[in-house]
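Those sequence lines, one after another, are chains A and B. So in UniProt numbering, the last one in the first sequence is 219, and the numbering has no gaps at all. So in UniProt numbering, the last one in the second sequence is 261, and the numbering has no gaps at all.
Hints listed in this document are in silico derivations from the structure and should not be mistaken for laboratory results.
Examples of chain B residues lying across from chain A (beta carbon under 8 Å, computed):
(1) Asn-55
(2) Ala-87
(3) Pro-104
(4) Gly-115
(5) Thr-118
(6) Val-119
To be clear about the criterion: a stretch of chain A counts as covered by chain B if any three or more of its residues have a C-beta under 8 Å from a C-beta of chain B, and this derived list gives those stretches:
(7) 109–123
(8) 136–149
In this text, a Cβ means the ideal position worked out from N, Cα and C, and glycines have one as well.
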Amino acid sequence: MNYQWDFSFLLEYKTLIWQGALYTLGFTVLTAVSGLTVGCIIALARLSGIRWLAWPLLAISELFRCTPVLVQLVWCYYALPILIGVNLSPPVAAFITLTMYGGSFYAEIIRGGIISIDAGQWDAGRALGMRIGALMRRIVLPQAFRRMVPPLVNQTVLQLKNTSLLSVLAVPDLLYQGQLITSATYRPLETYTMVAVIYFILLLPLTRGAALLEARMSR
Amino acid sequence: MSNSITTMIEVVGLKKSFGTHAVLRDISLEVPKGGVVALIGPSGSGKSTLLRTLNLLTLPDSGYIRVGASRIDFTAGQRMPRDRELAAFRARTGMVFQNFNLFPHMSAEANVMEGPVTVQRMKKPEARALARELLAKVGLADRAEAMPEQLSGGQKQRVAIARALAMKPDVMLFDEATSALDPERVAEVLAVMKQLATEGMTMLLVTHEMAFAREVADTVIFMRDGYVVESGPARQVIDHPAEEATRAFLSHFHHAAGAGA
Chain A
1 MNYQWDFSFL
11 LEYKTLIWQG
21 ALYTLGFTVL
31 TAVSGLTVGC
41 IIALARLSGI
51 RWLAWPLLAI
61 SELFRCTPVL
71 VQLVWCYYAL
81 PILIGVNLSP
91 PVAAFITLTM
101 YGGSFYAEII
111 RGGIISIDAG
121 QWDAGRALGM
131 RIGALMRRIV
141 LPQAFRRMVP
151 PLVNQTVLQL
161 KNTSLLSVLA
171 VPDLLYQGQL
181 ITSATYRPLE
191 TYTMVAVIYF
201 ILLLPLTRGA
211 ALLEARMSR
Chain B
1 MSNSITTMIE
11 VVGLKKSFGT
21 HAVLRDISLE
31 VPKGGVVALI
41 GPSGSGKSTL
51 LRTLNLLTLP
61 DSGYIRVGAS
71 RIDFTAGQRM
81 PRDRELAAFR
91 ARTGMVFQNF
101 NLFPHMSAEA
111 NVMEGPVTVQ
121 RMKKPEARAL
131 ARELLAKVGL
141 ADRAEAMPEQ
151 LSGGQKQRVA
161 IARALAMKPD
171 VMLFDEATSA
181 LDPERVAEVL
191 AVMKQLATEG
201 MTMLLVTHEM
211 AFAREVADTV
221 IFMRDGYVVE
231 SGPARQVIDH
241 PAEEATRAFL
251 SHFHHAAGAG
261 A
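Bound conformation, chain A alone (with noise of 0.2 Å):
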């Protein structure tokens, strides 16, 4: 094989990669604020015990578990508006099928989390004459939370990852820069290992972050 590398012309589309870049990290930002709200949600109704309400969202969150998230991304924007009778930007398709699919995966996080604190801190708690509010505040989510960092950010890696997929609805995030950019200049070798790099050099701190995080709290 003789091809000659040549990652130059690259520089020339590097406000395109900058902008596809932005909108990689802001929709991951983005979906993962409101996806942690809706896993929030999701995982507190299941523990209320209120069957009407736990039932329906278990229900959500196994559709979105189940299915493929490129299947929902499509299904949201083609199918989902001929039955509301609203069309849906690509953006606003996404944004809702991220946000679903990861707050499906964050919800069962949290709850495991919620329900692997010991049952005498609740009990503790409910002597001292707190309420729900504060029992959840101050004693159940500062411990739950620890550990349930570690899943969170590898559910939010996925998260990142997941956004690529928006490159079939011509969001224009990092990938579909790259396509642009392949169909413009024809050299798909350079432009996709730049696109590859990106993503890597972006995850890579969260990965290393979480395993951090891991080692230190099984000490």
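Put chain B on the given structure of chain A with help from the hints.
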């Protein structure tokens, strides 16, 4: 009204079942202000459940409970008390658990401050001063900054007692407070409990320490299968039990009772 001044705990017709298993069958008892009552009996007799119902950690199926001026009636057909009522009731009763249940993410001092600050909205400097005072009282003035994992079992339980006292409770409930301790750590916790009794705290304790019950309690109640089998002055019940079941149970503790006498 004179009754509510002299009687600190009043329980009438308390019943509790878990599924088909009746754990408490019609329990009634009274504890006078400043009284110390020891609940004894074999495991599964319902004594720990009785203690938990007094703090509403376990809700009885029926019956009436009064602690100080707070009363809750569980007569069949009445609506269940709300979270707010339960919390207000519990704030007036201190509870000490077998497994300490200290908050592991807080220092000893923060554990003691938690109730006053979060529940009673006490200012932090004031709560800190209270915590220091109570930790000194249980002999742990120098361990205020320690995290629970750095404390021995006996020290943890003494912090737990200070934490319960910080709420200025009307009564203190001790659920086998020394059962999880190494033998050499039992005495330091019993000493704190004895001091509280001497100071006039109303106390109800589930215990297997017969010598302690005989020495410190005014009244001993022997329970079996969810019933009160026998109750009376501590020395009388422990030294000369009237019921055969009490006698059989106490025979397992002969050495302990002898050693403390």
